[in-house]
Every structure is written in structure tokens, then in C-alpha cells.
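Q: Given the coordinates of chain A, assemble chain B onto it according to the supplied hints.
Number of protein chains: 2
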Amino acid sequence: MELKVQPLQIKAGKFKVVLNTADAKEMGIHGGDRVQLKDHSYLTAIVETGDMIPKGSLGVYQECCEKLGKICPLTMNVVPTTRPSSVGFIKKFMDHQKLTQEEIYQIVQDIVRDTLTEVELAAFITTSYIHGMSSDEVEWLTRAMIDTGEKIEFDTHPIADKHSIGGVPGNKISLLVVPIIAANGLLIPKTSSRAITGAAGTADLMEVLAPVELGADEIKSITEKVGGVIAWGGATNIAPADDKLIHAEYPLGIDPHNQLLASIMAKKGAVGADIVVIDIPVGSGTKVPTMQEGKKLARDLIELGERLGMNVECAMTYGASPVGRTVGPALEVREALKVLETMEGPNSLIEKSTGLAGILLEMGGAAAKGHGKDMAMETLRSGRALEKLKEIIEAQGGNPDIKHTDIIPGEHHAEIPSPADGYVIEFDDKRIIEIARIAGAPTDKGSGVWIHKKKGEIVKKGEPLITIFADKNWKLTDALKSAEKDFPIIVEGMLLERVQTFRVM
Amino acid sequence: MELKVQPLQIKAGKFKVVLNTADAKEMGIHGGDRVQLKDHSYLTAIVETGDMIPKGSLGVYQECCEKLGKICPLTMNVVPTTRPSSVGFIKKFMDHQKLTQEEIYQIVQDIVRDTLTEVELAAFITTSYIHGMSSDEVEWLTRAMIDTGEKIEFDTHPIADKHSIGGVPGNKISLLVVPIIAANGLLIPKTSSRAITGAAGTADLMEVLAPVELGADEIKSITEKVGGVIAWGGATNIAPADDKLIHAEYPLGIDPHNQLLASIMAKKGAVGADIVVIDIPVGSGTKVPTMQEGKKLARDLIELGERLGMNVECAMTYGASPVGRTVGPALEVREALKVLETMEGPNSLIEKSTGLAGILLEMGGAAAKGHGKDMAMETLRSGRALEKLKEIIEAQGGNPDIKHTDIIPGEHHAEIPSPADGYVIEFDDKRIIEIARIAGAPTDKGSGVWIHKKKGEIVKKGEPLITIFADKNWKLTDALKSAEKDFPIIVEGMLLERVQTFRVM
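Protein chains in written order, with the numbering used here: chain A, 1 to 505; chain B, 506 to 1010.
Next comes chain A alone, as it looks inside the complex:
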């Protein structure tokens, strides 16, 4: 059917067009069906139907116009076409039949190309969550995620990498691990993520110090030059399917096991990692509540690594309490830099960073078996890690002369005093993250929470429990209100109804 083109000044996120309900009926087409648009070139688009577009016209979203060469033609011939074969494979997956490598590749490719509707993508994710996947299928999923994106190939080996399963607040260890590894001669091209539900991802942290939106070629050249990089993976085209899957999973609040595995390992595989250490924080409130689940996840990651030709080790870490005493980009970076500059800082941060770095040093042959942690600690103590971080900052385009005292947290802040003498008996990590987010983290770099008292610590009445920082005063007010409504910390013997005394500084 020849239709008059009506460009819609809006992006749909996919190749989509809108047909008048009567025209759609005439063509026997329903919403969610596909049509082929014929002009000088061909394009398959997903149909919405509605009465906003007059009969005889075709509403064309931005992406289609761009694909067809920026300026839409005046009319287009619209012909019904079949669904992509991957929709049939998703149906097969729903029916709990095993998928072949080619079928999984096709699904992933269609995810990357945005040719699946939201309903189809959601069906894939929901089925992944319910049915899971066999080891073969997970391997194929991972390979497909690698192969449908950009890959980095280094001439030197081994290539080291590190990943932390999320869920624990204040986990700023990459800022220490990466320079420790690079300072000892191993290459570590670390791609990282921004926080979606957390208060600061590694990319959010590094951005306080230097630009993180680097392309794959920059990641390669910086790593070859100074030994390491801390980039935002989202700026690259590395394993692009992952981002699309995460965005569709987010509204459901799920993270299917097979996709967690594939997501981690695809990003490692795409940068050509040979040795990988994975930090699995265990504890209530994290993604891995029990040691048993942690071990299962570790085994699955190691097996998947073997299948992909990577040497993987996992470390289960204490995840029931924040790492260090800061949550939020600037606060966390300040704390990490202080450790690098002075070795002064929270033990939880120093121990965890050197422990994980030590494993990688041993795996890469830089340290003898059993001596990795000592070497990591020595790299930190000697200042070589700090020097290396400065080189990385400079190579990424930041200021290498920055000191921890230069990093100023949000100008608006309020401390919350303890209403009683006693021990901290409850400390809700999730609420701390929520409060940091309401205060503006991770977008407002200065926003976050400074933790004065962790679980098990003793506090006197009137001493501060936490300080909330914010770049904007109204966000501080909102964060205080939220803290007041459902306070994250309980001090033994305190009267819950008297918590609401806040002092704005």
C-alpha cells in the first residue's frame, strides 16, 4: 500500500511506524506486526496502530527516517512482512526446548539491531529467568554477545581483568586494584558500568578524576601506553547486547542467572582478557545472600571462563557492610585517593583491594604463589600504585596532580546524630544507597553518604551516625525526609520515635 509519509519528531528506540487503524485492517496487520518499507532502499519496521495518523498516511519515527537517509521520502510503499526468525526461537525457548548456537546468535543479533519488540524481548528475559539455560547455551549466549560487538585484541599477553558483582555500597576497590596490577607490568583494560540502581558505579567514580567515555581504540592504546585504563563500557560498542538486556530487565527488577554470567564474561572476553578475578560480595542485601549461592556462582563463572579460554578465579568477600565509610562518587574517590596517598583509611578497603589484586598478580605470574597480597600491599605502600593511577588519569585526559583534599563533597550537608548511647545493631545498606541516590548520587558527583558508625561500633548519644552530602539543597532536604521516614541505622536501646532530630550544618 502506498502511503503518504508523515515524519514524527520523536525517537521510538526501534524502527517503528504508525499506521491508521483502518489502513492496518485493510492490510490485515495488527500492532506488533512488521512491515517492509520500500523506497530506494528496504527497511523492516514494527507497526503501531492508531487514529492519530490519518488514513492513507504513515507515521514514521525518527530512526526510520535516519536509516532511510535523514530526509524521509514523500510516500512509501508498505508491505506486510513476517516476524524475524528469532521470535520463533524465543517461542521455542518458552517451550523449554534447547536452543542451538545459531538460534541464540540470531536472538542476540536481533536484540543488538533493535528488531525485537518490547514484548518479544521481555518474553526472552522472563523465560531466561524462569527456565535458565544449559552450560552450552550460556557459552553460546556469551559468544554471541562478544561477536555482535567490538573486540579489542592485544599483542602482549596476559591481559588481566577484574569484576565485582554489585550490591555492596562503597565498593571503590577498582580505583586501587587497577593501578596495583598495572604498576606490576600486567595490562588491565578495565571497562566498567555506571550505577543503575546503586549510588556509584566504577565509571561514575573514575569520572570524578578523568573522562571515561573512551572508544575501544582508546582503551587499547591507553592500556598499551600506561598498563591500565578505567573506562565506561557504555561508551564503547563492546558487548552491546548487554546494555539492551539490562534496560529491559530493569523494570522487572530481575537479573537472570544465565544473563548475569554472560554479561560479565562477554565484557571480559571482548577485551581479550586471559586472567580474571571476580569479587563476589556475599551477605543479605547483596545479590548473593549465602556462601552456598556464592560458591555456585563462582563455579559457573570458572566453568564459563574455561569454555571461553579464560582463567577465572573468584573471591567471596564480606558484603553485609559497606566497603570503607563513603558512598557516592566524590566521597568514595576522596577516600580511595587518601589510601593511595597515605595508606590511611578504612581497613575494609585496603584489605579487600590488596587481596583481590594479589590473586590477579599470582594468576598473571607477577607474584609467586602465596605472595600476591604482600606484593599488592607493597605496591600500595611504596606509592607506586598512586603513581600508576596518576599516569592512567593523565592518559585518560584528567589532571594527574589531583590530591584527595582537592575533591570536595557536596556543599550542602547534614549530619544525623545518634539519639542514644550504645552499639549499632542494625545497619541497612539498601537504605543507605537509597538515601545517597535521593541526595543526587551518582549524577551529582558531590552527593552521597559518609558513614561514621558501622554495624557493631559503639556510639555516644549526639555523636554523628552518618553525614548526608548533596550538591543541591532541595535534594538534601528530600534525602533527610527519606532518612527520617525510614531510618537505616538502629542503635541499641534507642527510642525509634525520637530519631527525627536532624541538624542541618
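Source of the hints: derived by calculation from the structure; they are not laboratory data. Take the hints with a grain of salt, since some may be wrong.
To be verified - Simulated crosslink set (SDA-like; lysine to any residue; CA at most 20 Å straight-line): (1) B:597 <-> A:98; (2) A:25 <-> B:739; (3) A:244 <-> B:986; (4) B:519 <-> B:541; (5) B:530 <-> A:7; (6) A:472 <-> B:506; (7) A:91 <-> B:792; (8) A:11 <-> B:599; (9) A:472 <-> B:516; (10) B:935 <-> A:80; (11) B:965 <-> B:986; (12) B:977 <-> A:348; (13) A:92 <-> B:662; (14) B:965 <-> B:997; (15) A:14 <-> B:526; (16) A:11 <-> B:561; (17) A:55 <-> A:7; (18) A:91 <-> B:599; (19) B:516 <-> A:9; (20) A:472 <-> B:528; (21) B:725 <-> B:823; (22) B:986 <-> A:7; (23) A:25 <-> A:57; (24) A:98 <-> B:758; (25) B:801 <-> B:823; (26) B:959 <-> B:928; (27) B:543 <-> B:599; (28) B:516 <-> A:52; (29) A:481 <-> B:935; (30) B:596 <-> A:254; (31) B:935 <-> A:244; (32) A:472 <-> B:527; (33) B:509 <-> A:9; (34) B:530 <-> B:541; (35) A:11 <-> B:526; (36) A:287 <-> B:516; (37) B:965 <-> B:955; (38) A:14 <-> B:516.
Being a predicted model, the structure only gives us computed values, none of them experimental.
A: Positioned in the frame of chain A, the structure of chain B alone reads:
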């Protein structure tokens, strides 16, 4: 955040707004999250993010503007808000935990109110397909579907109803069953559907004779006046959740068992049916391939009926071959009317219609046990069924004097002759439906397929196998091309490569 309102001249099908990516980031909001719009009234809307809307502005889809009183305010205060509780219940369902009656009601209500995103709705449907539901849950789902829509209450009882599980082409029996029942004093307020993937739904058929877009009050008053009605359910607000579920299931090509049950029985429950006969066509190509599956479905329908206070009987019918010899609105109506006028016509149509009507007559006490079919046959033969159908046509606003010879199929037609002497050994129902659809059915009322030879029948070389009718010549050409590419009928001994000789009349 106070944002400048930019009304989008387009419908989203839901309450949706578009935020600039930077504003969304500032508020810590992602696509698929909800915001509350505050003006003089409150409205919760689903967020899309994009760069088409400038920073500081809010793209507002049509539905939100209408809800807020047709004219959008100039600015609106936008505040993040939580997901509806039903999203949590869907997550619980994914985790294979049993849902309570309240939780299911909440999900159905949110489906009806369009407050779930496509991803959330797809997750519910996919989970329904994979996990299924317990008998309790199916009952609650059905009750929720009834209670979230309009209901009809009659003063007289019993109310009879009839439903056919789809999948068999040419199933025009409602045009005979409804008047037979009504002619014998039982009330039968039949709501029916239009074809989505078929060539003609009962509503598409009846529309050839009379308007079918009737409100619930008209369905009630016409039924009370003449004993029966054949209306399009989609024009009413009866069990509105069903339509929304079907639209989300359609792209996945699935029909979860629990939703099939609930969908049928909710529509019967909402019109106050006391006695219901359900036609279950069994055979390859239908929704129910084996007798065993048919029996299971029948048991589930009967049990659900009991739970809802309805007396349900099921009849498994032969579904491997079309009912009668016509497929497509006008052709089918012509065939059905001819039977009503003359008792001449395909045995498959007469036997099936009187068989099902007979069951209902016995259930309703109009016929003695074992005499229902005879009574139905007599009602047909005597012309009382025809008289009753005319009354129904007139009451719905159609022309009661119509004769089968007045119904003219599409002016463009072509017959496909047999390329050989022999028996029809293969007959592909699904391809027949596809060809009828390509020819224009169900939208183009005159389009369809007239079947001259069914499976098992003998044919001479050159005798017609089928005739394709179309209202538009280009659709006839497309249908012929499709038939040529993959011909639906195989005659014993025919040379497959010589099928492509068509004669356009």
C-alpha cells in the same frame, strides 16, 4: 521538577510521558519508571527517555492530556513515584509462588487501566504460559476479568450461551445455533469476536447481515425482545482485560491455557450465562490436536464453570477439515443462510449446528434428554430458525428480508483446477485461511475461498479444487501468487511442479 509541557500529537496506548535524558538522569529515573504528574489533579505516567524532548520539557502523549482535561497545562511538576504493587505480584508469579485473589485482581485491574508497561504485561503473559495457574488462580483470574468490566443481569433464567474454540476454517455455526435456541424460548445473548488470525470470526459474519457494535444495554434489550443477539464483544466493555491480554499475546503467537479458560468463561460469566455449550474442534491444525488434550480442556472448562456457578458442557467436534465449503464473511453467511432457507447445504454444517444446539436445548430444559438434536433439526427444517434469525437481524438494525442469493461474494475471482484425476489426499486448512486473508478476509467482506473438493473427495483433472474470491483485484493477484507458491491441496498422483496453472475468470 517543574517542566514545560510539550503535548505530543500521538497516542501511546498508555499514560506515557517523555523526559529528556539529562532531566531523567537528574531525577534518577530510567525508561520504564513511573512519575507522578501534579497539576490540579494527579496522574501516574510511564517514562520514556530521549533527546528529542529538550531539557526542561516534558513530552506528553495524548492520553495524559485527555486525562488531565483535554488542554494540557503549560508546565507540570514531575515527581518520581513507585511501580504499582502489581509489578511485585508479577515478580512473585515469575518466582512460582501462588498468587492471592487480591493480587490477581490487582494485576487484572492494572491491565484494564493500562498502567502496566509492555515489558511488565509480557512478563505476566510469558509466566502464565510457562508456569500455568492453579484452579484457584484461574477462578480468581476469571472473576477479576468479569468484575473489572461491564456485566449484564437478566430477570429471566436460564441464560444460554455457546462458544467455539477457534482454529477450524468456515465455522459459521453460531448463525444457526443462536436462532435455533432463541426460537425454542431460551435467551442467548451471544457476544463474539472478530478474526485476528482467522478468515472470519462470528462478529465478522454477522456484520454482513446487521450492525454488531452493540453496547451491553442493547445486547440485553435485544435479547429480552427477540430471544437472541449476535454482537461483537469488542464494542462492549465486557471483560475488557481479555482484549488487552490477547493483543499482548498475539505477537508471541501464544495462548496460555489459563488465559484461554479465563477468557472464554469471563465473557460467559459477564452476560450472566447459566448454561453453556463449548465446541472444541479437535485435529491437527486446530488449537487442540488430540482427543486427550480436548478432554483435558473440557474438564478444565467444566470445573471452572462449576466454580463460577455455570453449567458447562463441551462437545469435541471434527476439526481437521473445514465446516461447510466456504471460508470468508460473505461466502460463509451465504452458505449458512441457504441452509436456513432450504435445508440444502453441507452436511458438516447442519450436523454440527444441530448437535450443539441440541445439547443446549437439553441443558436448558427445552428438550427432553436425548431429544435435543431432533428438536434442533426440526426447528431448522420448519423454518422457525430462519424466522428467528430474521427477527434478530431486524432487532440489530439489519434488513430482515435478505436472502442468501442477495449476498454477493467478491467480484474478482479465480478458480484453481485440479491438475490430475484422483483423490484429494492433503488439504492444508491453515493455508486456506492464509489465502482467504491475503484475498482480503475478514475486512473485505466478499473475499474468501470456496472449497469444491475436501480431503478424501474424488476429482477429475480440470475440475475446480477451490475458487478464490476478492473484493479487490490486486488482492486476488496476491492470493493467487501465494497459492501458487505453496499450494494447500494435493491430489493423489499430481505432479507438484505443474500446479501453477491458474485460470482467472
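Q: Which numbered hints turn out to be false for this structure?
A: 1, 3, 5, 8, 9, 11, 12, 13, 21, 22, 27, 29, 31, 36
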